[in-house]
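Colleague: Given the coordinates of chain A, work out where chain B should sit on it, guided by the hints.
Residue numbers (my numbering), protein chains in the order written: chain A, 3 to 111; chain B, 168 to 283.
No lab work stands behind these hints: they were computed from the structure.
Ideal Cβ placement from N, Cα and C applies to all residues, glycine included.
Not close to chain B: a few residues of chain A, all C-beta gaps over 12 Å, as computed: (1) Ser-22; (2) Asp-29; (3) Asp-57; (4) Phe-63; (5) Ser-84.
Examples of chain A residues toward chain B, derived with CB under 7 Å: (6) Ser-34; (7) Phe-36; (8) Ser-45; (9) Pro-46; (10) Leu-48; (11) Asn-94; (12) Gly-102; (13) Gln-103.
Straight-line Cα separation of at most 27 Å, DSSO-like style, residue types lysine-lysine; simulated pairs: (14) A:Lys-98 <-> B:Lys-189; (15) B:Lys-208 <-> A:Lys-4; (16) A:Lys-44 <-> B:Lys-203; (17) B:Lys-203 <-> A:Lys-98; (18) B:Lys-208 <-> A:Lys-98; (19) A:Lys-44 <-> B:Lys-207.
Spelled out, the chains give:
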Amino acid sequence: QKEVEQNSGPLSVPEGAIASLNCTYSDRGSQSFFWYRQYSGKSPELIMFIYSNGDKEDGRFTAQLNKASQYVSLLIRDSQPSDSATYLCAVNPTGKLIFGQGTTLQVKP
Amino acid sequence: ETGVTQTPRHLVMGMTNKKSLKCEQHLGHNAMYWYKQSAKKPLELMFVYSLEERVENNSVPSRFSPECPNSSHLFLHLHTLQPEDSALYLCASSQEASGIAYNEQFFGPGTRLTVL
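So that you can see chain A by itself, here it is in the shape it has in the complex (with noise of 0.2 Å):
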């Protein structure tokens, strides 16, 4: 079983629709969860992360963390042409980040 999982995609949304990420984590003890992009070319950047359960807002950005199930998200509302990357998800179960082989979004104008 990988330590991240995450579908590689495509997901394709229209322009303005919700995008919804889904990553699912082996490791029970992970406490720590966050959500890097990467455009096309370019190197990954840290966008969001979430520590407890439930969800976190950072304005068109929504992190949502259930703990029991394992399992990490990340919504995009309003999604632009411009969001179009692959967005990596990350967990840090014992001091080392373990990476997804993250999931590209394509938003159609």
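Modeller: The following block gives chain B in isolation, referenced to the frame of chain A:
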């Protein structure tokens, strides 16, 4: 220069060549990292340096040799690589190599390496 820079941006080398990748961070961070990113695979952490001391080596083959002469510079020396080593090599830095600050890593643009 700002953030994290890497040179060269692209590198093509033969299996018998020796080359080096360079990374420089202008953020005043104490920790630096080398990652390998292959197509359709997760980012793989290769090496971690904290205050110029290597604190982690994730079972990386000896044909990859890191060097951290100071907290701002990180090198990855390459020799006798294999075609399967072709990938994007990313350098990153963070304020510290542990704790909350470890998780906010700032990445360089990467070096696209092709081994023939």
